[in-house]
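Asker: Mind docking chain B on chain A? Use the hints.
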Amino acid sequence: MSLFQRKLFITTPKTKETIKSLWKLEKIILDSLDFHTVVQKICDSVLTELGYLNLGYRIIVLTLVDEKRGVLRRISLSQTTEAANAQAASEIPFHEIEIPLNATGNLLIKTLQEKKPQVTHYWPEIFTPILTEEQSIKNQSAAGIKTSMLYPVIVKDRSIGVLIFSMIKDMKEVSENEEDLIKGYTDVVGLAVQNSLLYSTLEKTTRDLAKANERLKELDKLKDDFVSVASHELRTPMTAIKSYLWMALNKLSLQSSSPPAGLKLSLQSSSSPAGLKKQDQLSPEDLKRYLSRSYISVERLINLVNDMLNISRIEGRRIALKLEGTDLYQLTSDVVEEVIIKAKEKDIKVNIINKPYSRVLCDKDKIHEVLLNLIGNSLKFTKNGGQISVGFVEKPPYVLTSVSDNGIGIAPENINNLFTKFGRLESSYVAVAESGGTGLGLYICKSLIELHKGTISAKSSGLGKGTTFSFTLPSVGTEIAQKLKTDAPKETEKTKDLEKTKININ
Amino acid sequence: MKKQRILLIEDDTYTRDAYEEILKDSGYEVDTAVDGQEGILKIHKGGYSLIFLDVMMPKVDGLDVLRSLKNDPPKTSNGPIILLTNLTHDPVIFLATDLGAKGHLVKSDITPGELVEAVKKYIQPTKNDKKPFTNQEPIKEE
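Chains as they are written, first to last, in UniProt numbering: chain A, 1 to 506; chain B, 1 to 142.
Be aware that one or more of the hints could be misleading.
Here are the simulated DSS-like pairs of lysine-lysine, each with C-alpha atoms no more than 25 angstroms apart in a straight line [unchecked claim]:
#1 221(A) x 121(B)
#2 383(A) x 59(B)
#3 20(A) x 278(A)
#4 75(B) x 465(A)
#5 24(B) x 278(A)
#6 277(A) x 217(A)
#7 59(B) x 277(A)
#8 278(A) x 59(B)
#9 24(B) x 172(A)
#10 3(B) x 278(A)
#11 277(A) x 3(B)
#12 59(B) x 459(A)
#13 59(B) x 465(A)
#14 121(B) x 288(A)
#15 453(A) x 465(A)
#16 322(A) x 459(A)
#17 183(A) x 16(A)
#18 120(B) x 223(A)
Computed footprint of chain B on chain A, listed as stretches where at least three residues anywhere in the stretch have a Cβ under 8 angstroms from a Cβ of chain B [stated by the list, open to error]:
#19 37-49
#20 224-236
Chain B regions said to be covered by chain A (calculated; three or more residues, Cβ under 8 angstroms) [claimed, not checked]:
#21 20-34
#22 109-115
Hints in this document: simulated from the structure, not taken from any laboratory.
The beta carbon of each residue, even a glycine, is placed where N, CA and C say it ideally should be.
Only chain A is shown next, with the shape it has when bound in the complex (with noise of 0.2 angstroms):
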């Protein structure tokens, strides 16, 4: 016998008859690794290929311990007429038969606890308490079964499960060759069990690995695109700074002869400051308007820094929501106050329509953003003596928010667009420009908004007739606000606050 053999059973065959059938039945049961093939096979190769059916043997059923569960389950059993009869027979079906760890009057689990082979003729003794006595007396007749062997699966000196051996005769017609061999089968279904369970988990987790890896790919080359667009959209305003700046610098090096070292500006080196011609003079309104330029663009690039810090922290769930019953009338009223001045100078009319019925839970900065970044927007598209709305709608279980203009609207195939990072539209690229405008604004009231459970949506009815913003938060003591109170990032040495996007309306 080979070390390995040697090893493999703990107790010794005693025949070399024994040894060669076992041998076989080895054989059969690790040739597989699939879980379900091998424990299938561990119920019929006995019966099949070494005619234990001729012995008297009719069922053999494998049954393993679910730690997790707190059960013992029944696994798999022989393909055989008796075993089909007895599953007719009952009640429950059989993979649903689970008998608990602690049910200690079961014969299974004392078999399991002991760690020795037990012997029934009487069924309820293992089917108890899941089957009545009635009940199990009644499969055990159905089945024509006298005797039930009871053997423990021993892994590394830990019980895993329990197979049973039930057949037609008595206990005592069962040869000493015929228990030495189940026995040693014992053994070698332990360790196949054993094997085919590693195999699965392995299979399971490689599965496993192979969808996250394609999940990362995926989340890699957005984040690629993100990177890709976004440098894209910071050298815009750093362009018109750097060409602003250097038009004025240039006008005044034309003036004073002498350009700053390390800059080469002078268009026509050649003419003399006395002669310039009228479009190199610098006027003072020229000046201004380069340098205010400048400056908005210097503001748009801080606020585009600010925003993609916000979508990375919202995305990377490093915001933590500070959830409270909020009254959504006087954060909208704190709101409007900030940018009363703004809308005044518009002659643009902010009203507040009604007060909603209940309470939102939410977290007051987060939503305080997200009304001013659509009041912002309402303020920016609506042509001056237009007007603002804001009103409250309960829609149980939540409280619908709409922000309402009557400004340039938007075309309907845009309305989709308007949520995606830099989805800004055609129709407002000049107002980007002009009030320091990221083109992600919408997108981080979108990710706020869902991270408060609530959906947002845009409603215009085209060009030129305004535009409502409709946002839900859920009300407080809701389920759904319950869930959010779960699900919600909570505050870790890793959460920051949101950067404030500052809002021109021009």
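Answerer: Leaving out everything else, chain B in the frame of chain A:
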């Protein structure tokens, strides 16, 4: 002498205004378009000595402008089309070259002065000297 005409297709207001101003100051006649759609219409009217074309634009982007011109060439001819973009190391640049762009300038890399120098390079003397335009790097100085 009649002024050379330049078409500037650029969606960002500030950038467009700055380039328009510097090119006008340098003695060129400048026409602008705020997106690819307007750009195509103007190109079809023809008569430009040089066309600066941005890539990332709403409605019709720079590549689509080039595709449209390839499928439906303007009846009146124009000077070369030069990409004026903030995309760097992007496959778009090669695509655009394949589609007929004759050069490539990165806006954030150049000063308005360098833009004017590039114009001088790309607008060839109209008489005898009719070399084909090649893909050249923007003029840089240290």
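Asker: Against each hint, give a clear statement of whether it holds in the structure.
Answerer: Do the hints match the structure? See the list:
1. In summary, the hint linking residue 221(A) to residue 121(B) is not supported, as the alpha carbons are separated by about 39 angstroms, beyond the 25 angstroms threshold.
2. Distance check on the hinted pair: residue 383(A) and residue 59(B) sit about 24 angstroms apart at the alpha-carbon level, within 25 angstroms; holds.
3. Pair hint residue 20(A) plus residue 278(A) does not hold up; C-alpha atoms about 110 angstroms apart against a cutoff of 25 angstroms.
4. With a CA separation close to 40 angstroms, the supplied pair residue 75(B) and residue 465(A) exceeds the 25 angstroms bound.
5. Our distance criterion of 25 angstroms between C-alpha atoms is met by residue 24(B) and residue 278(A), whose separation comes to about 12 angstroms.
6. As the CA atoms of residue 277(A) and residue 217(A) are separated by approximately 58 angstroms, the hinted pair breaks the 25 angstroms bound.
7. At most 25 angstroms may separate the alpha-carbon atoms for a hinted pair to count; residue 59(B) and residue 277(A) exceed this at roughly 39 angstroms.
8. Our distance criterion of 25 angstroms between C-alpha atoms is broken by residue 278(A) and residue 59(B), whose separation comes to about 38 angstroms.
9. Our distance criterion of 25 angstroms between C-alpha atoms is broken by residue 24(B) and residue 172(A), whose separation comes to about 114 angstroms.
10. Using a Cα cut-off of 25 angstroms, the hinted pair residue 3(B) and residue 278(A) holds, with the two alpha carbons roughly 18 angstroms apart.
11. As the CA atoms of residue 277(A) and residue 3(B) are separated by approximately 17 angstroms, the hinted pair is consistent with the 25 angstroms bound.
12. Distance hint between residue 59(B) and residue 459(A) is fulfilled; the C-alpha atoms sit about 21 angstroms from each other, no more than 25 angstroms.
13. Note on residue 59(B) and residue 465(A): the hinted pairing holds, with a Cα-Cα distance of about 21 angstroms set against a maximum of 25 angstroms.
14. A distance of roughly 32 angstroms separates the Cα atoms of residue 121(B) and residue 288(A); the hinted pair therefore is violated under the 25 angstroms criterion.
15. Of the supplied pair hints, the one linking residue 453(A) and residue 465(A) is violated, its CA atoms being roughly 30 angstroms apart against a limit of 25 angstroms.
16. With a C-alpha separation of about 30 angstroms, the suggested pair residue 322(A) and residue 459(A) falls outside the 25 angstroms cut-off, and the hint is violated.
17. At most 25 angstroms may separate the alpha-carbon atoms for a hinted pair to count; residue 183(A) and residue 16(A) meet this at roughly 15 angstroms.
18. Proposed proximity of residue 120(B) and residue 223(A) is contradicted: the alpha carbons are some 40 angstroms apart, above 25 angstroms.
19. Look at the stretch 37-49 of chain A against chain B: 0 of its residues bring a Cβ nearer than 8 angstroms to a Cβ of that chain, fewer than three, so the hint is violated.
20. Counting residues of the stretch 224-236 of chain A whose beta-carbon sits less than 8 angstroms from any beta-carbon of chain B gives 4, enough to reach three: the coverage restraint holds.
21. Restraint check on the stretch 20-34 of chain B versus chain A: 6 residues with Cβ-Cβ distances below 8 angstroms, three needed, restraint holds.
22. Requiring three or more residues with a Cβ within less than 8 angstroms of a Cβ of chain A, the coverage given for the stretch 109-115 of chain B holds, as 3 such residues are present.
Figure legend: structure checked against the earlier numbered hints; hints not met, in rising order: 1, 3, 4, 6, 7, 8, 9, 14, 15, 16, 18 and 19.
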